[in-house]
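Q: Below are the chains, spelled out letter by letter.
There are 2 protein chains.
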Amino acid sequence: MDGQYLPMSEAKLSVLDWGFLHSDATYDTVHVWNGRFFRLNLHLDRFLGGVERLRMNLPYDREEITSILKNCVALSGHKSAYVEMICTRGSSPTFSRDPRQAENRFIAFAVPFGSVANKEQLERGLHVAISDIVRIPPQSVDPSIKNYHWLDLVKGLLDAYDMGAETALVLDTNGHIAEGPGFNVFLVKEGALKTPAFGVLPGITRRTVFDLCVEIGLSATATDIGRAEIKEADEVFITSTAGGIMPVTRIDDAVIGIGQVGPITRQLMDLYWRKHDDPAWSTVVAYP
Amino acid sequence: MDGQYLPMSEAKLSVLDWGFLHSDATYDTVHVWNGRFFRLNLHLDRFLGGVERLRMNLPYDREEITSILKNCVALSGHKSAYVEMICTRGSSPTFSRDPRQAENRFIAFAVPFGSVANKEQLERGLHVAISDIVRIPPQSVDPSIKNYHWLDLVKGLLDAYDMGAETALVLDTNGHIAEGPGFNVFLVKEGALKTPAFGVLPGITRRTVFDLCVEIGLSATATDIGRAEIKEADEVFITSTAGGIMPVTRIDDAVIGIGQVGPITRQLMDLYWRKHDDPAWSTVVAYP
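For the protein sequence lines, the chains are A and B, in the order given. Residue numbering for the first sequence is 15 to 302, as defined by our numbering. Residue numbering for the second sequence is 15 to 302, as defined by our numbering.
If you're looking for bench data, these hints aren't it; they were derived computationally from the structure.
The list makes no distinction among identical chains, and a pair is therefore deemed to hold if it is satisfied within one copy or across any two copies.
Derived DSBU-like pairs: lysine-lysine, alpha-carbon spacing no greater than 35 Å straight-line:
1) K203 / K133
2) K93 / K26
3) K133 / K160
4) K93 / K160
5) K26 / K160
6) K84 / K26
7) K133 / K93
8) K289 / K84
9) K133 / K84
This is chain A alone, in the form it adopts within the complex (with noise of 0.2 Å):
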């Protein structure tokens, strides 16, 4: 922050920063395995083009942040990490409204790899609920630019807890699956996958499944995908950052496919974490 490396517990951020104030903010998180960065940079492309798209300037080039985003790994010592790039609105000295005045800031951070499943969901797959909530559409907020916008998320959230489910999957405004809480959702028919299309995040790890099933002779469509069809899949899994691909064996009262974790599922999950040792994938951390 501000040039500086700071522990975690010192790391904060002004109150009247409007990257708070008013969420006026992009980011983007990627990930680090045994010491490397996956698709370092896809992450960087999609930060930097949010951060134009919201008219913001960071005071530091893309081979600056690639440089301090090392520098967070390698002084955390996190070998497995989770890290953030962030650049917020910032505040102005005169407390203007006028969001072209203030000035913006670049915030990195390392913590140690978390993800949306542990390891016992990740054996016997996810249990999610579909939530009436609407993902806050296009219209409103440019989905490509990754935002903290996230009420419409935590509320989904909650009610699938409500419902005895562990997380949730939210709608887009025509009543189709859109995504979940920091994830996007694919489901496996008859050999075929297919993700929502419209008005979700087009996350890197979703990418990253496209790429594996051109790898693999698998198809692969984004299109509109309806609360019933998606009970009814052979299979279904959820991608992040936060964990990568994972399985999900129940919807609601429905058990996705015969309860447990299917076979395409599993074998782009293996896949993809054989794919962080690979160069031309990743790229390595240099500790002290």
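Chain A is fixed; fit chain B onto it per the hints.
A: The following block gives chain B in isolation, referenced to the frame of chain A:
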């Protein structure tokens, strides 16, 4: 913050607080004018309602919050202040993604009073542009929970600047007028007032206009307002705790009425400010 009174420059939030990382927070802003809070109880009602609907728990009750807010203003010395109370989800000691495990946090601060419209704009009326941005709909985020999800409003504001205007109006999901960045909007046509009903913040200044209309025998209705309709009004004004009742004399290329602050707007502005001394509507601050 955390039970301490600090200078604003030291009021800082952990970057790991979900109030920042998920904008998982609610707040309210009340103003102090000539040493008196204006309609503090209404702001406390809305704030405590939002905290409850987000299933958060405050470490203080209503009386303690009132006392903290008074202390913030008294210690700041500001006779006219913008006073914000905030409840954030906080963070979990284990960095859990489960919002139920977070320790919620209360923050309050007082800064000098600020207005959406400056002195010149209050005299000649604001110039406003209508953006095509749709305000985050109630199906996604309940607008009665006052929140920091402002990227739609920020985009509307940047659109408005591009169009040469000073602030913006955004739409609801049906293409009607909704509200603007930090304010509600009213029109006056043939002596009767209208304000959007759907998907807008239930503003305290908006409510105050309804109360004032009862006092002076004017009709005021919450209903749909079309884009064309608002440009054909006799008078238009916006309402916000940050500035009160503020006239609008131009929308896009349309001059409103005769292009000057209208008589009903003027009457309501005068009455609004006179009410700030009324003990029924205000609460005194005891400065040291």
